[in-house]
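**Q** Read off the chains here:
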Amino acid sequence: MLTQKAWSPYLAGIVIGLLQIPAFLIIETALGASSSYVTIGGVIASWFDPAILSIGYVARHVAINAKNWWQVALVGGVAIGAFLSMKMSGARRHAISPIWQRALGSASPAKRYAVAFFGGFIMLFGARIADGCTSGHGLSGMAQLAVGSTVAVAAMFVGGIATATLVLRRI
Amino acid sequence: MSVTLAIAVGLLMGVVFGFALEKSRVFEPGIIVGQMQMRNFIMLKVFLAAVATGAVVLAVLNGFGYVKLAPKAALYGADIVGGLILGAGISLAGACPGTTLAQIGAGYRDALFTLVGGLFGAVAYSYAEPALSKTFLGQGGGKLIFSDLAGIPYWVGALILAAVIVVILVALESWRPWRPELGNDSDGDIASAPAASTKTIHIVPAE
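Just so you know, the protein sequences line up as chains A and B, in that order.
Residue numbers 498 to 668, in our numbering, belong to the letters of the first sequence in order.
Residue numbers 16 to 222, in our numbering, belong to the letters of the second sequence in order.
Hints in this document: simulated from the structure, not taken from any laboratory.
Heads up, some of the hints might be wrong.
[Claimed, not checked] As a list, the in silico BS3-like pairs of lysine-lysine whose alpha-carbon atoms are at most 25 Å apart:
#1 B:Lys83 <-> A:Lys564
#2 A:Lys502 <-> B:Lys158
#3 A:Lys564 <-> A:Lys502
[Said to hold, decoys possible] A short, non-exhaustive set of chain B residues, derived as facing chain A with CB atoms under 8 Å:
#4 Val66
#5 Asp94
#6 Leu101
#7 Val131
#8 Leu134
#9 Ile160
#10 Gly166
#11 Ile167
#12 Trp170
#13 Ala173
#14 Leu174
#15 Ala178
#16 Val182
#17 Val185
#18 Asp202
These figures come from a predicted structure and were not determined experimentally.
Yeah, the Cβ is synthetic: ideal placement off N, Cα and C, and Gly gets one too.
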């Protein structure tokens, strides 16, 4: 089981959904990922510009409390878990997924790195405007029947489908 | 709760989360971009299965009074504008904020650029937040949930959502089975020529 390369998407989805149990019972919050970028980004930015900590939004996110640093640990753990799973199954990855050559119409790693940086930038800028991402609004918000989260998820798919169809090439 | 304990719980939960993301292959750019181009439905399946499971879990925990719900406030302008930008970013990054870390763990080098770009994006938003929150992006209602609108208890609404999702998933699976969508290298790359695979030869019946 642990050495398989792929599980059924339903099994994996159930495992992910069950993580709401410790999130709500122990941490008293829902699964989420994008706030941790504000926590880590804010800490790093404060080394160069200590005045950033006077912004209330940043101060709230870098505060040493269970909720902020639980989420930082969660996303760090995601990298460790994916690494372990990959090692156990022996699914070795290329440095860049082969689909990018078709999607970008170029085999240049520099072009892919630039697109990845830009994509990451707007991904988090958008997630912070919306106050959540695929995890916070998607997994947690929809499970809680939140109206705003459902609107946000619909917008994510509209933006994602438009970009993947109009900007990227057929993979 | 102590911060140290919260970090330990977070790490442990993250390892399980990352393990499941890797096993589901939903972190693969081929699966995420494939979903956004409507040629691969593994992402939607993982997502909906996780939402349905979360809904059942919360129906029980909240229904019996063990936990309080923590929905985000409905800020429609911010939800729409932010969601559209976030979605565009997901397609260009071939990742979402959580799966970026799974890509790094699995060895995708471009995901490091996604991560650094994401940190810059979060810091840029932080500087803009005091100004943006005064615009229409800061306007909105309270913590609105559908079951309150319908006048039913949350647990009933959550179980209805889970049941609807199960029906959708059964239909989706019979329309698009998940195994062929993994691709030869379990990366969602289903367009590349199958390398020396004799199993996929189509046998054309004689006329």
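**Q** Compare the structure with each hint and give your call.
**A** Tested hints:
no.: 1; hint: B:Lys83 <-> A:Lys564; verdict: 16 Å, holds
no.: 2; hint: A:Lys502 <-> B:Lys158; verdict: 40 Å, violated
no.: 3; hint: A:Lys564 <-> A:Lys502; verdict: 33 Å, violated
no.: 4; hint: Val66; verdict: 5 Å, holds
no.: 5; hint: Asp94; verdict: 4 Å, holds
no.: 6; hint: Leu101; verdict: 3 Å, holds
no.: 7; hint: Val131; verdict: 6 Å, holds
no.: 8; hint: Leu134; verdict: 4 Å, holds
no.: 9; hint: Ile160; verdict: 4 Å, holds
no.: 10; hint: Gly166; verdict: 13 Å, violated
no.: 11; hint: Ile167; verdict: 10 Å, violated
no.: 12; hint: Trp170; verdict: 10 Å, violated
no.: 13; hint: Ala173; verdict: 6 Å, holds
no.: 14; hint: Leu174; verdict: 11 Å, violated
no.: 15; hint: Ala178; verdict: 13 Å, violated
no.: 16; hint: Val182; verdict: 14 Å, violated
no.: 17; hint: Val185; verdict: 10 Å, violated
no.: 18; hint: Asp202; verdict: 6 Å, holds
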